[in-house]
Amino acid sequence: MRGRRLAILGLLGPFTALFAATIALPIGFALYESVTAIERSGPLGRGTTSTVFVGLEHYATALSDPAFTASLWRVVLFALVQVPVMIVLATTLALMLDAASARGVKFFRSVYFLPYGIPGVIASLLWGFLYTPGLSPVLDVASWFGLNIDFLGASSILWSIANIVTWQFAGYNMLVIVAQLKSIDGDLFEAAEIDGASAWQIITRIKLPLIRPAIVLTTVFTIIGTIQLFGEPLILRPLTGSITSTYTPNLAAYNEAFANNNYNLAAAESVLLALVACVFSFAFLKLVNRSGK
Amino acid sequence: MRRRTFIALAAGALTSACAAAPGARPGQTVLRFWSWVPGIDQAVNLWNSQNRDTYVDLELTPAGSSGTYSKMYAAVRGGRGAPDVAQVEYQELPGFALENGLIELGPLGMDQHRDQFVDWQISQSSFGERIYAVPQASGPMALYYRNDIFGSLGLDVPRTWEDYRAAAEAVRADGRYIATFPPGNSAWFAALSWQAGARWFGLDGDVWTVGINSEQTLRVAEYWDELRSQDLISMQPDFSNSWYADLQSGRIVTWPSAQWGGPILSGNAPGTSGNWRAAQLPQWNPDNPASANWGGSATAVLKGSEHPREAAEFAIWLNSDPESIDLLIAGGYGWPSVKDALDGTALDTSEEFFGGQNVNRDVFAPADETIGTDWLWSPTTNATYLHLNDGFAGVVAGGSSFVDVVQQTHRQTVEDLRAKGLTVREAS
Chain A
1 MRGRRLAILG LLGPFTALFA ATIALPIGFA LYESVTAIER SGPLGRGTTS
51 TVFVGLEHYA TALSDPAFTA SLWRVVLFAL VQVPVMIVLA TTLALMLDAA
101 SARGVKFFRS VYFLPYGIPG VIASLLWGFL YTPGLSPVLD VASWFGLNID
151 FLGASSILWS IANIVTWQFA GYNMLVIVAQ LKSIDGDLFE AAEIDGASAW
201 QIITRIKLPL IRPAIVLTTV FTIIGTIQLF GEPLILRPLT GSITSTYTPN
251 LAAYNEAFAN NNYNLAAAES VLLALVACVF SFAFLKLVNR SGK
Chain B
1 MRRRTFIALA AGALTSACAA APGARPGQTV LRFWSWVPGI DQAVNLWNSQ
51 NRDTYVDLEL TPAGSSGTYS KMYAAVRGGR GAPDVAQVEY QELPGFALEN
101 GLIELGPLGM DQHRDQFVDW QISQSSFGER IYAVPQASGP MALYYRNDIF
151 GSLGLDVPRT WEDYRAAAEA VRADGRYIAT FPPGNSAWFA ALSWQAGARW
201 FGLDGDVWTV GINSEQTLRV AEYWDELRSQ DLISMQPDFS NSWYADLQSG
251 RIVTWPSAQW GGPILSGNAP GTSGNWRAAQ LPQWNPDNPA SANWGGSATA
301 VLKGSEHPRE AAEFAIWLNS DPESIDLLIA GGYGWPSVKD ALDGTALDTS
351 EEFFGGQNVN RDVFAPADET IGTDWLWSPT TNATYLHLND GFAGVVAGGS
401 SFVDVVQQTH RQTVEDLRAK GLTVREAS
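Read top to bottom, the protein sequences are chains A and B.
UniProt numbering puts the first sequence at residues 1 to 293.
UniProt numbering puts the second sequence at residues 1 to 428.
The set of hints was computed from the structure by calculation and includes no laboratory data.
Heads up, some of the hints might be wrong.
Listed next, the stretches of chain A that the computed footprint assigns to chain B, with coverage defined by at least 3 CB atoms under 8 Å from CB atoms of chain B [what the hints assert, rightly or not]: (1) 34-40; (2) 133-144; (3) 173-184; (4) 250-261.
In this text, all values refer to a predicted model and were calculated from it rather than measured experimentally.
Glycine is no exception: its CB is placed at the ideal position from the N, C-alpha and C atoms.
For reference, chain A alone in the conformation it holds in the complex:
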């Protein structure tokens, strides 16, 4: 009995310790920071400092800042467009690669997946060059046809970012769906064919229902990923005047912490962002479960 208890402790210990140190503790600390503030006294504020409890004051500050709420709406709009585009594209690519008549499957699978192997920062830099007037071959070619495209303008920059994100992650999501497609029993297709099902019917009646879990999974990942949009706008920011320091909620929290040295407000903004991501992810799961029943 004693040995068994020890074994349980031994097996769970490493996980619990890591979970506490890397998940629970940072979240707890962020929550603590978000409800405290530093108070100063003395000339120049260089007297004494003390940490005081301020309740939800930072949350109120964040939510009453029009720039921060605008950034929340911006990522929500971004997700509303980005998530369907991503999932439809990834599913289509996966189904095309899985089609019986497909050729060069391994080659194309690798090609689609390749962008995921490029670090996000480098991908953003590369795309940044393709978006910059005077350097971009894309813009040069467009100008031959009299087209004046402004990838970095205020109205287009969000979709230029969407392009980078799609380019980078569509192949990865495709691979998750391909893996599920591969696990479908081949007998099902054979039976369907004998019953006279067309290729389209096989997709809609067999493949799509059976890869549903993979699609749900990639959708949740994409929702969370888009709400947390950060690296792409951060890298593109020096190239354009259209990306503000509060362009996305993550960027706002980052600048609040590391440029304004206000960790407390940054913590509150981060917690708010996590809540939004939770709400959207669970709302989606709830929707899926209800329609699945």
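Once you have looked at the hints, place chain B on chain A.
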């Protein structure tokens, strides 16, 4: 037992990794130094090669606002891990002072050495009568312009901002822009406001005064608003690839910039060598010429240092020893903060890139004499910069003006300072 040994070993490895700097001799005091100034490693090597009791362990960091300041703030607040000596830009010094992060250097040698440095930079490094940093370099401003293009269009060098507007119209008619208004670089806008006589911040006893929306700043904002609405300026970010491409191709023909901008021009538009010249900034009031300062840095000793005396000695040496200054000039660190910066240094030379003009003696030395010296930064300068940048980005998107942005930033800055627990008054 075994686990305990492992932990002991691991702890041992960690402490020994922190203790000694490679290169230090036994018995030497080791000073940790964080900086990102190009060429500063040469100066540090010189110090270390001169067989002293202290060894400087230089860590080249990313530029302050790219994360190094946040590391320093975190270390100062946490009480350990901060370097002994650190690079701090002038606009960031009040922020560190607010966090009680700086060691007063007057009693550690600066009181004896203060006369070696330019007065206004001593004031940038002081709070009240106390000196908290050793001035290193500044950025007196002037106008870089394309002499060949100005010549072919029959334009004279603009003496006033009204001349500059006329030149902008002529240049635009030729399919070029006179300059960019960098929407993401409000330090540049601050410098131009400084030139116009604005003073954004002041300290009246314990009370901070904010005067961002002063007449002078609004005048500058309005001027650039007019140029923008007539499409006479480009609105692309400075130091961006598209801007460099435009400098190289002649699509942009002037740059109101600091002395340290010269090497940036020659490095990024080498194909235009020989065609650039420098002249005094266009003036608001030519009878009373003024320049401004853009950029500028000091060397500070951070709280928590166990060797403040040695650290101060090094910081003073770094910024006043002629050999050290020569090495820093070669690295392109800017305009030295010591008095008579030009005499006998590598700065006093004519440059091929500027068609043989000795821009430092001809232009920047006199410009340096006309910088308004009572400019002050606030502990929340960074936030002010962000408000301006975000506002200017909004102007690019359309719908507002630089003047609106200045008004809005003024209000936000008052709030920022209050939020830090400071007493604030609006200057009027």
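Right, here's what the structure says about each hint:
Check on the segment 34-40 of chain A: 3 of its residues sit with their Cβ under 8 Å from a Cβ of chain B, so the three-residue criterion for coverage holds. Coverage of a stretch by a chain is defined here by at least three residues with a beta carbon nearer than 8 Å to that chain's beta carbons; for the segment 133-144 of chain A and chain B the count is 3, and the condition holds. A count of 0 residues in the segment 173-184 of chain A with a Cβ less than 8 Å from any Cβ of chain B is obtained; the coverage claim is therefore unmet, three being the minimum. Using a Cβ-Cβ cut-off of 8 Å, 6 residues of the segment 250-261 of chain A lie near chain B, which meets the minimum of three, so the contact claim holds.
In summary, the structure is inconsistent with hint 3 from the numbered list given earlier, while agreeing with all the others.
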